[in-house]
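J.: Under our numbering, the first residue of the sequence shown is numbered 44, with each subsequent residue one higher.
Do not take every clue at face value.
Keeping only pairs whose Cα atoms sit at most 25 Å apart, straight-line, the calculated SDA-like set for lysine to any residue is [stated by the list, open to error]:
(1) Lys404 x Trp589
(2) Lys280 x Lys509
(3) Lys435 x His139
(4) Lys509 x Val553
(5) Lys509 x Phe554
Everything labelled a hint here was simulated from the structure, so no lab data went into it.
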Amino acid sequence: MHKHRSIVGPATGRPHPERGIALAGVLIFTVISAFFSAAVLHALSVHSRLVQDKYNYTRALYLAESGLNRAAEAVWTGYLNANPLPDARIAWLEDHYTDFDQEDVSIGPDGDTYTVKARRMMTTGEDEERLIVFEAIGNAVGGIEPAERTITRVIRYGHDQGSIFDYTYFLNNFGWFYGSSITANGEVRGNGNFEFQSSPTVNGDVYASINPDVGAGAPGQILGSYNSWNLSTYRTKAVGKPTWRPTRPEFEYGYSGESTDFEFQQILEMPYLGDISRFEALAQQKNGELTTTASSGPAMPTHINNVIQGPLFLYGTPTNPIVIDGPVVVRGDVAIAGYVTGQGTIYSDRNIHVVNDIIYKTPPIYDKSAGANPNTNAAYNQAADFLGLAAKGNIILGDYTSTDWTGNVAPYIKPPFTKSYTDEDGTRHNGDYTASDGAKSDGTVRKRYEGTWTNAQFQSMVNLAKSLYSRSDSLPRRIDALGYTNHLYAGRAKDAVWNGAIMSRDEGIVFNGSVTMNYDYRAKQEGEQYIDIDLPKAANAEPTIWLEGPYEQWVSKLDPLDHSLQD
């Protein structure tokens, strides 16, 4: 048998030779481990520096972005708050665009900084826009390796008609079509959900937007169903209806024969009228004029230049129509009915009351046939009548003094159907348009949807409009106008046709029979290439070019964009 050998040896007595061999092995292992640990620590150190370098490199970019965005926003705020006239805003921009340059602005506890300068203003050939070239430098100094990055950005400051004018029906709220006899020949949009009941018809696209401002129930969904006509059916039904929306591909923005749902969209900003006196300068600059055959008293010729103190009754006959030329401001309520000719927009600092039909003497004509030439009627349509109605208050249809109106409309223009909201100027509204709002001229209480006339005065205007159309009621059948209000568009109508658009926050139109909405192609966002209609506009600022590197590096690339340098 073999004797067992212990490597360690006995607990006492002289050590075995194997113990020296074991100690040497431990020392060798320790040395190797030390070298390995040193290598790992060195690698970690190098990696840490690389991470720190990359972190600082990225942070320097964010610093430059932050500084540039702050300066661009400061310029935007000043531009926005300047006089609303495009010329005045551009003049302000030219004088002040460098006012917000900043150097070595400290950010955070590590001593990081940014420097931003507006290096240049460029023209584009358009009177109502400018391009500002900003340069920003970000310095990230925290850690071992500091980093610096420079960016150059071009931002366009303009004064444009909003894209909300691309729609025949736009609500800055939930959109709703309840009724099978509703037909919209054009795109429709809500800054919230859009709901359909009873399968109305939409010959255009439908948009719904995510909008927490109108409540948690506005995730931007399209609810219910609607019908659409194919191109052949649309063209057949459009025969004899010259104001209907044209078709595509003949017209770039015409109806294609298909409708598409666009859910979960971003909201569209609605230009805010605010203090209507801001538009008085516009009316004076454009030398707006308005002629009518009736004022607030008996029928009589009336000529208005630019601005007039209201309330005002506008009444036009086939032989003596209302004539409009450019923008006109009325300080007070407006009541309107009858025939209209010319092109322009009426701004009211309170309500606009449509007490019966509004009819163009010379409406636009669109050929919907296959292969139609858009240029055939282009010159005619450019000169055809166009009326914009822009109310700081509300747009109200029909005779609000009648029990028919109060019984059928009032429930839809107060909570719970409407909701409270805050205007852009901070004014809070409880959403109740039936609430008291001052007094009428005879001292009686006036509701928000009512005018400042006495009831007797208002009824006399309603009766005059009835006699014009030989009717027993005041329910409009045809409204040739683009109506715009930041508040309520509501009232009574019957078998009504809109040739233009409906744009508002809240809508409470109650109708008998049917409703047909025909989009006026000339009101397109790009519509000023057709006519100058002075609809409400919104100032905007948008980045157009993003470049990495200092401004001097890109001068030769930017020069071709500057209209003032071109021959």
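J.: For every hint, state whether the structure bears it out.
T.: Hint by hint, here is what the structure shows:
1. Under the criterion of a C-alpha separation no larger than 25 Å, the hint pairing Lys404 with Trp589 is inconsistent with the structure, at around 50 Å.
2. Distance hint between Lys280 and Lys509 is unfulfilled; the C-alpha atoms sit about 30 Å from each other, more than 25 Å.
3. Among the hinted pairs, Lys435 with His139 is inconsistent with the structure: their alpha-carbon atoms are about 31 Å apart, more than 25 Å.
4. Distance hint between Lys509 and Val553 is fulfilled; the C-alpha atoms sit about 19 Å from each other, no more than 25 Å.
5. Annotation: proposed proximity of Lys509 to Phe554 holds, straight-line Cα distance about 18 Å (limit 25 Å).
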